[in-house]
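Input sequences plus hints: build the corresponding full structure.
Note that the protein sequences, when read in sequence, are chains S and P. Going by the numbering used here, the first sequence opens with residue 1, and the numbers climb by one from there. Going by the numbering used here, the second sequence opens with residue 1, and the numbers climb by one from there.
The set of hints was computed from the structure by calculation and includes no laboratory data. Don't take each hint at face value.
[Stated by the list, open to error] In silico lysine-lysine, DSS-like type, Cα no more than 27 Å apart, as pairs:
no.	chain 1	residue 1	chain 2	residue 2
1	S	214	P	201
2	S	200	S	214
3	S	79	S	53
4	P	201	S	8
5	S	214	S	53
6	S	200	S	8
7	P	201	S	53
8	P	201	P	68
9	S	8	S	53
10	P	201	S	79
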Amino acid sequence: MDALLPHKDRCGPAQPLLLAENLRKYFPVPGGLFGRATRVVRAVDDLSLSVAKGETLGIVGESGCGKSTVARLLIRLLKPDRGHMVLDGDPVDEPHGLTLNQLRRQVQMVFQDSYASLNPRLTIGETLAFSPKAHGLPAAEARERVRDLLSKVGLDPESYYTRYPHELSGGQRQRVNIARALALRPRLVILDEAVSALDKSVEAQVLNMLVDLKTELELTYVFISHDLNVVQYLSDRVLVMYLGKIVEIGAVEAIYGNPQHPYTRALLSARPSMDPRKRTKEAPIQGDPPNPIDPPSGCRFRTRCPFAEDVCARVEPPLADIGTQAVSCHMRVAGSGHSRAATP
Amino acid sequence: MAIQSPSIDLGSGVAINAVAATASRGYWQSVRRRLRRDPVTLVCAGILLLIVLGAIFAPFLNLADPYKTSMIRRLYPLGSPNFPLGTDELGRDMFSRLIYGGRLSLFMGVTPVVCALLIGGTLGITAGFLGGWVNMLIMRVMDVFYAFPSVLLAISLSGAMGAGASNTLLALTLVFIPPVCRVSESVTTQVRGFDFVDAAKASGAGSFTIVRVHVLGNVLGPILVYATSLISVAIILAAGLSFLGLGVKPPEPEWGLMLNTLRQAIYVNPVLAALPGVMIFITSIFFNLMSDGLRAAMDVKA
Chain S
1 MDALLPHKDR CGPAQPLLLA ENLRKYFPVP GGLFGRATRV VRAVDDLSLS VAKGETLGIV
61 GESGCGKSTV ARLLIRLLKP DRGHMVLDGD PVDEPHGLTL NQLRRQVQMV FQDSYASLNP
121 RLTIGETLAF SPKAHGLPAA EARERVRDLL SKVGLDPESY YTRYPHELSG GQRQRVNIAR
181 ALALRPRLVI LDEAVSALDK SVEAQVLNML VDLKTELELT YVFISHDLNV VQYLSDRVLV
241 MYLGKIVEIG AVEAIYGNPQ HPYTRALLSA RPSMDPRKRT KEAPIQGDPP NPIDPPSGCR
301 FRTRCPFAED VCARVEPPLA DIGTQAVSCH MRVAGSGHSR AATP
Chain P
1 MAIQSPSIDL GSGVAINAVA ATASRGYWQS VRRRLRRDPV TLVCAGILLL IVLGAIFAPF
61 LNLADPYKTS MIRRLYPLGS PNFPLGTDEL GRDMFSRLIY GGRLSLFMGV TPVVCALLIG
121 GTLGITAGFL GGWVNMLIMR VMDVFYAFPS VLLAISLSGA MGAGASNTLL ALTLVFIPPV
181 CRVSESVTTQ VRGFDFVDAA KASGAGSFTI VRVHVLGNVL GPILVYATSL ISVAIILAAG
241 LSFLGLGVKP PEPEWGLMLN TLRQAIYVNP VLAALPGVMI FITSIFFNLM SDGLRAAMDV
301 KA
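The structure is reproduced here in structure tokens:
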């Protein structure tokens with residue numbers, strides 16, 4: 001009896017695989033008297049999201065907007081200050097809910113840095129066998145599973161089992177990392193910039209492999225990247241983050257085809273065009289994101305927004321559902337007081 | 001078994017599979033290979049091995065009795081017949097006493113370092129891996145020990161507990177725990193920041209397993225190298241304590257004590273008086289050179 005069978009679906013396709021509500025993570029900034037933190041970085045601020053079974057949710061945003069913090073919160077490498085999570089109907093880390101260990105059987109993560117995420121002293125086989133063994137799989141079965149994993153990610157088990165990470169190329173190492181994430185047969189895999197460090201041709205190979213693995217193993221992905229093209233290729237739904245908040249979320253066609261938030265528009269227009277006649281002449285938005293230690297009042301994007309008005313500084317825009325997507329912008333909320341908003 | 005089809009074709013994987021696997025070298029194999037190409041370290045290790053073996057097997061080497069005094073043949077110079085390195089102020093054979101002296105001196109050098117390695121290393125790795133208030137508690141206690149100069153601390157501890165080899169060992173161990181702890185803590189903190197430790201945590205393994213499998217292998221090298229460099233300090237400190245009369249008691253042969261008792265002879269036969277010092281110097285500098293060599297061999301980013 002294999003102790004590590006994949007988890008069966010519990011609540012049917014209508015129940016989101018992962019539901020996160022009001023996740024908040026503030027990092028204290030050291031300093032002040034006796035190292036007491038008087039200020040905090042608001043890395044993730046009251047963020048709610050749901051991941052449907054079998055979909056790929058893409059998360060995009062500038063560096064420093066809290067993408068990686070979201071990833072680490074979802075797998076509980078970081079403990080959220082507030083908010084709760086529900087995995088297929090089971091609350092996480094609550095009485096009568098799933099323990100963190102049970103959560104991690106079903107949710108796994110692939111890290112960005114393929115080298116730092118592999119122990120240089122362990123062979124590939126030892127690295128991959130670690131988590132099944134930690135969950136009580138006998139050594140012989142673990143070895144068998146590792147061989148299967150290696151062939152699943154396109155690496156020959158015979159030659160790679162006894163190799164060390166430094167003997168592998170970046171693409172091969174990232175394949176190993178993906179295999180490691182799959183070792184516990186998870187249902188949800190969080191890919192935190194998993195292909196960003198690879199060169200383009202290798203990136204394409206790994207992306208195709210991810211697509212194949214998803215169908216074969218019935219996986220759900222949360223795909224975090226700053227590369228808008230890759231997110232468009234892989235995702236079913238896209239979430240756009242800015243300073244720890246969601247600015248826009250919706251189906252990939254809606255976000256890419258008809259972006260509603262000025263920030264999303266700016267991001268999309270910043271994409272390099274393949275057509276040399278369509279050069280980006282002006283910077284879509286100016287400056288750097290404001291300091292997340294002291295984010296702007298009201299709408300966080302207003303300091304860089306060309307349409308900012310008084311109401312944007314006073315009132316924080318809600319994430320309003322406008323049919324195909326949800327946007328947090330006063331211009332899309334009827335009667336918000338913004339001059340471009342529809343009158344109710 | 002959950003995973004069933006090992007034969008999926010991903011297209012891109014084919015080219016990678018075609019690369020024949022060369023025999024892959026383990027970490028320790030590559031360390032050994034690099035050490036073989038480092039003659040200085042090898043020579044140092046060889047001479048140290050001679051001194052250590054001499055000390056261990058001294059009773060079987062058919063040496064003169066290191067305790068046998070003679071008022072007639074005091075302070076023979078080097079190269080005297082039957083006494084290749086002369087005799088000391090009580091007429092005892094210097095060669096024999098230097099070899100025998102290695103037993104105590106090396107023991108006093110190695111033992112406190114090993115003890116400090118076990119205690120300080122455990123504390124440091126715990127502090128580094130757990131972080132937070134555990135780290136704060138352990139490291140601040142270490143800082144209290146750091147407030148005293150190490151030599152002064154050793155002297156005052158031996159002085160307070162009384163002279164004798166065992167008290168010297170205890171004092172030296174206490175002196176060496178804080179630096180070993182600090183080094184262990186800093187390398188562990190560094191290793192803990194790597195993604196592979198996060199990945200191991202995300203796999204749901206317990207802290208103990210993660211430390212055993214993922215942390216120890218990566219921190220032991222630097223900690224051991226540092227500990228090796230401490231052996232020479234321990235030998236010098238132990239010798240210093242004996243010199244001050246706080247360590248080994250006469251008539252035991254011990255390099256530091258011999259240096260002390262021979263210092264009156266410095267005007268009669270200065271070379272003779274310097275011999276125990278030369279032994280201390282050779283041993284400690286070779287331990288240092290060897291630890292440098294080890295560092296170079298183990299530190300290479302593969």
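Structure-based check of each hint:
1. S:214 x P:201: Answer holds: residue 214 of chain S to residue 201 of chain P is near 24 Å, not above 27 Å.
2. S:200 x S:214: 21 Å, holds
3. S:79 x S:53: 24 Å, holds
4. P:201 x S:8: Measuring from Cα to Cα gives roughly 24 Å; hence the hint holds.
5. S:214 x S:53: The hint holds at about 11 Å.
6. S:200 x S:8: Violated - the C-alpha atoms of residue 8 of chain S and residue 200 of chain S are around 36 Å apart, more than 27 Å.
7. P:201 x S:53: 25 Å, holds
8. P:201 x P:68: This hinted pair is violated, its Cα atoms lying about 64 Å apart.
9. S:8 x S:53: 12 Å, holds
10. P:201 x S:79: This hinted pair holds, its Cα atoms lying about 13 Å apart.
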